[in-house]
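K.L.:
Residue-level listing of the chains:
Number of protein chains: 2
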Amino acid sequence: MPNHCLEPNQNEDLASERRLCPFNTLEMTARIYGGENFVKSRQKIQKYVQSVPELRECSSDFSFLSRLETLERTARNAVVLMKHAPKICDPNEPFEFEYLRKQICGDDGYPYGLHNSMVVPMLKVNCSEEQMNLWLPKALNGEFIGTYAQTEMAHGTNLKKLETTATYDPETKEFVMNSPTISSAKWIPGNLGKSSNFILVMAQLWTQGKCYGPHAFMVQIRDPVTHMPMPGVEVGDIGPKIGINSNDNGYLRLHNIRIPRLNMLMGNSQVTPEGKFIPPAHAKLAYTSMMFVRSVMIHLMGQGLGAAACIATRYACVRRQGEVLEGQGEVKILDYQTHQYRILPQISRAYAFIFAGHYSKDLYFRVMEDVKRKDTSLMADLHALNSGLKSVVSWQASQGVEQCRLGCGGHGYTCASALPQIYGLVVGGCTYEGENLVMLLQLARYLMKLAPQIVAGRPNGKISEIAQYLFEKKPTKSRLQKNQSREAQWEAIQEGFEHVARRLTLEAYQRLSDLKKNGVPHEVAWTKVGLDLSRASKAHTRTFLTRIFINSVKNEKTWSLKEVLSDVLHLYLHYELQDCRADVLEDGYLSNQQAEISREELAKALEAVRKNAVNLVDAFDFQDRELNSQLGRKDGNVYENLWKWAQNSEVNKYQVLPFHHETTGKIMKDAQRQHSKL
Amino acid sequence: MPNHCLEPNQNEDLASERRLCPFNTLEMTARIYGGENFVKSRQKIQKYVQSVPELRECSSDFSFLSRLETLERTARNAVVLMKHAPKICDPNEPFEFEYLRKQICGDDGYPYGLHNSMVVPMLKVNCSEEQMNLWLPKALNGEFIGTYAQTEMAHGTNLKKLETTATYDPETKEFVMNSPTISSAKWIPGNLGKSSNFILVMAQLWTQGKCYGPHAFMVQIRDPVTHMPMPGVEVGDIGPKIGINSNDNGYLRLHNIRIPRLNMLMGNSQVTPEGKFIPPAHAKLAYTSMMFVRSVMIHLMGQGLGAAACIATRYACVRRQGEVLEGQGEVKILDYQTHQYRILPQISRAYAFIFAGHYSKDLYFRVMEDVKRKDTSLMADLHALNSGLKSVVSWQASQGVEQCRLGCGGHGYTCASALPQIYGLVVGGCTYEGENLVMLLQLARYLMKLAPQIVAGRPNGKISEIAQYLFEKKPTKSRLQKNQSREAQWEAIQEGFEHVARRLTLEAYQRLSDLKKNGVPHEVAWTKVGLDLSRASKAHTRTFLTRIFINSVKNEKTWSLKEVLSDVLHLYLHYELQDCRADVLEDGYLSNQQAEISREELAKALEAVRKNAVNLVDAFDFQDRELNSQLGRKDGNVYENLWKWAQNSEVNKYQVLPFHHETTGKIMKDAQRQHSKL
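Listed in order, the protein sequences are those of chains A and G.
Numbering-wise (full-length UniProt numbering), the first sequence opens with residue 1 and increments by one.
Numbering-wise (full-length UniProt numbering), the second sequence opens with residue 1 and increments by one.
A couple of the hints might just be wrong.
[As the list claims (entries may be wrong)] Straight-line C-alpha distance at most 20 Å; calculated SDA-like pairs for lysine to any residue:
# : chain 1 : residue 1 : chain 2 : residue 2
1 : A       : K332      : G       : Q672
2 : A       : K161      : G       : E326
3 : G       : K332      : A       : L531
4 : A       : K332      : A       : G322
5 : A       : K83       : G       : Q672
6 : G       : K554      : G       : T157
[Said to hold, decoys possible] Residues from chain G shown here face chain A by an in silico Cβ test under 7 Å; the list is partial:
#  : residue
7  : N141
8  : I182
9  : Q321
10 : Q337
11 : G410
12 : D579
13 : V656
Bear in mind the hints are in silico, worked out from the structure with no lab data behind them.
Idealized CB from N, CA, C, for every residue including glycine.
Just chain A, same shape as in the assembly:
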């Protein structure tokens, strides 16, 4: 079967891994990106990029640039992107623009990042019709660049305490926007620092002497001609970060900025010309754009981990180290069990996240369809699911990227591998769009609402398929056996994960109830069982990730894909079982013998996945221009390209650094002179 990455002039150590590929890698690519259409779109855009010199020459390797140069490079790349996107991208397939954007601007931010991912969706959901007609075409058209400014320097999670104010003045029919303190400065929003000129600001709405909580306001912060900050606006970049450095995350203070009444987004809440506040019909609708971002994140995190696994896997077949049998030459480092254990589970997790991402996005669209019919019954489920997934997936993905990076040794430490940059990007997902611990506790609120119903033995009303298992009665001992079929093992393991989630949910609920019975107020009790709650949330999320992966493999129709995915799933499940070994051991659910069976299965699964490791990461279909990694090159010609790459460093423009003779050179000469005097 063909591996589409097998080409002439490759490093033989990679080619040999690809030659016997037992499945069609591009067919797998279709599974990863959600269908054959996506593969066609990708290939169309790849060809186009290769054929147009000014696109082909855009580079998103910023390793040797200062931050200012990085922002310039990205802005220039963005110009080329915006010029060509209409020529090649189908406007009805937003995926195509995003894919072209990735090829040209990379993943670490570009001027339109937040404009496209937050501003446009928010306008669509939160505007009155009048506002929509006024702003949406301009936004889509690129007449302004916007961002969404919510987080403040001293206020993140707790929106209620945002300090920025928008006070309605009925005399002039304007809102007066203010950042009363340093701690109220907007801080961190992407593209806020230098790129954006009209932005959505979350501020406490004050009218008729009363505060109605945070609402979104459209505020002009820069002059449309000069791009200078408007009077009363302090705005700038917050400085370098662990990643995402081609994004000008910014700060903002507003001092008595007056905006027209109609610059408050009035699709939900409203303020009348007289200053009367009219509450929204459906409060939850305002949050749907955030839900969408979280749905998309799951897939992005899976891709980030996939990229890291791709780099580390290819390199681990090129790198040889240690002679196991004397005279037989050094072996590929991927042939060591310890190295397999480091890298291969990351491949399996990347696949698991990708499948979960598809589910989560589909569910989002299902829920949005419901919402159009005024049915919001599944919104809580979607929110709970995404909270858990966002937290678990971003954490495991970033941990996995780091394992891949460490697995590349010293080369993983340098930006030539691209792994530091990927880590910076992926680990950001633990913090943005809701800090992970907070997200777990949000899911826990959902679980704690279900808990009394579980105790009672039946749900109050409709329960989503995701939570169904919590109400099922299952054996209290694991059914894992040595000579079971794989499918039977998978079911036994899944049952075990569900057992753990059910148990931890009920235990957390019990502890919470006990505290409350002893007179501890609910919210205080909640902080005292935070650890139990987050354990339950993680366990619940695991049941979902594994269930989706199992179903995906079971439903796979192409035999050759099904077979290799079975290996990956088998590894995944036993790896996860090892990961929560203590949880299944502590109540005697799993026996020591069963733990031993799982240990052996894991070792076998590592060997099985090892065989197709390169083919599995090739199926992600990453272009070299996306990865920007000398270690992860498709052709495996690592060492000569590492050498070439380093030559491009600004530091290497000078054989002798310009300041040498004034600094350490002088110290050496002075010391020599003194010595010769002695």
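On the provided structure of chain A, position chain G as indicated by the hints.
P.N.:
Relative to the frame of chain A, chain G by itself:
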């Protein structure tokens, strides 16, 4: 009792944590750094730095500099350092120089880093007397800058396969040095790129047609006057990295470079003028400098984790988020159990690593004393201990730094927190001086040598105190109980850790033996049980870390320190027990009830350590100039300083970026023009 960080004009949220400090923080500082003398040295140097403007003004915050500017800043800082060091640092107390260096040049590398840590020690151990007299004074005097070039682009761990050659030419009495391939290029050595001019190169020694393996050679790579690379030398910087970016880690290729015979370090092996190879009397001696670096690393990793914990703990008392009881205001985030669980165990691990570091350094000096008396019996123990410690401590420290960083939310993501930089520095420890997995397997070789002796019930000869427990018979059920004294709990937990290490060692040995009995060659079998071996090594290392910490607390004479350290130790032990819960549960050593006891003790320990968290991190006595963190400032005035810091960004020199009107500005104007035409 005084907390020496309590000063006027502090953020009250920090001051209130300090005011009731139940111990003398500087007395704790003495425990952390190894005695009161160290505290005095630190204070002397702190005062000196504050009193000399050119020292005080040196900054090691490189956040806003390009890499070239960073190297320049560090070189200029180094000049100031070298000028003042002789005036204030006692040359007999190398610690004083290192402390001043840290204040002035920071921790991310400076031109003399490898010169001082590797070249000088190697010269001391590996030179003949003649060579010592020739080179050592010059090295100490700063007449050249050197580094140690061992690692090659395609060869790290497996020294035997280094490709660089040094071929003896008896006609000219010279060695001819060559890098025959790209993959043989020296790659990564610190300070190699631009700073160093005379360096120690590891190369395969060839003489009389035979290869005698890697040896060290002194090679001049740059002209002492012009500093230009010598003919036949290709040398440069390998580019930016995830951390340590003020170090010019470099690459090097040598093409037919001829060096005098006496440039081979001849303290151990020798080559006679005729070309005869004379092997060393004690082969192991050549490795002592590497052992020293690993000993020192433990303390450094502990300090790195301490710095991160200091930043995150202080910030977690300044940051308030979420109202637990309505109307009572937002609470300090350190008051949430989930946040405590994130940060406080890192404080306890930092203390544990520091105590282990003292032990490891003392052991190193004890072993060196033995070596002087030709007794090398403890060298294997030292090597095994340091291999395990280096691996476990660097990994747990970097994981801990990352928890601290994530615990600071969005602010932890930016370089203003300094946590990205600290992470880059600490996680480097997982890779340099022996990759962590390899290190664990080296310790495993030691354990596998002991295993048959454990089975036989008695050691072959003298066994160091570190491995004694492996030969002890102990109960097969944990003695942990609810109403025990703390000391009894500690002993019970320690016994449990020893039980696990003994069991995992014997299980790995059993698996290895079984494979070999079935005809699998030893080295192949070894790769197949890699996971079991590394588990055993980690478990063994844990017994050591916990034992040292327990002994340190037991031996503490000052009651007020002993009390707070007991809280820290209690947290540490239960945290570690949770960490290896599966290992103690799976053979029924710990019961479910006992696991529950530990869970409750952990929750209580978190509350106990919470009370003194700020005082415990203050005891590390970090200066603001060392931390370079706006979040971790001693005075807690976080927000105003975050604001000030960002103003300094090169990007914020421009209200409108110079390329704006050519790039995104143009896109906006074009779109507006087109729109107005419609």
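K.L.:
Determine for every hint whether it applies to the structure shown.
P.N.:
These are the hints, each one checked on the structure:
At most 20 Å may separate the alpha-carbon atoms for a hinted pair to count; K332(A) and Q672(G) exceed this at roughly 58 Å. At roughly 12 Å between alpha-carbon atoms, K161(A) and E326(G) fall within 20 Å of each other, so this suggested pair holds. Our distance criterion of 20 Å between C-alpha atoms is met by K332(G) and L531(A), whose separation comes to about 18 Å. Distance restraint check for K332(A) and G322(A): the Cα-Cα separation of roughly 9 Å lies within the 20 Å cut-off, and the hinted pair is therefore satisfied.
About 15 Å separates the Cα atoms of K83(A) and Q672(G), which keeps this hinted pair within 20 Å; it holds. At roughly 40 Å between alpha-carbon atoms, K554(G) and T157(G) are farther apart than 20 Å, so this suggested pair is violated. A distance limit of 7 Å between C-beta atoms decides the matter here; for N141(G) the minimum to chain A is near 5 Å, and the interface restraint holds. Of the supplied interface hints, the one on I182(G) holds, with its beta-carbon coming within about 5 Å of a beta-carbon of chain A, less than 7 Å.
Proximity of Q321(G) to chain A holds as hinted, the smallest CB-CB distance being about 5 Å (cut-off 7 Å). At about 4 Å, the closest approach between the beta carbon of Q337(G) and any beta carbon in chain A falls short of 7 Å, and the interface hint on this residue holds. A hinted interface residue such as G410(G) counts as satisfied when its beta carbon comes closer than 7 Å to some beta carbon of chain A; here the least separation is about 5 Å, so the hint holds. A hinted interface residue such as D579(G) counts as satisfied when its beta carbon comes closer than 7 Å to some beta carbon of chain A; here the least separation is about 9 Å, so the hint is violated.
This hint holds: V656(G) has a C-beta 5 Å from the nearest C-beta of chain A, less than the 7 Å allowed.
Checked against the numbered hints above, the structure violates hints 1, 6, 12; every other hint is satisfied.
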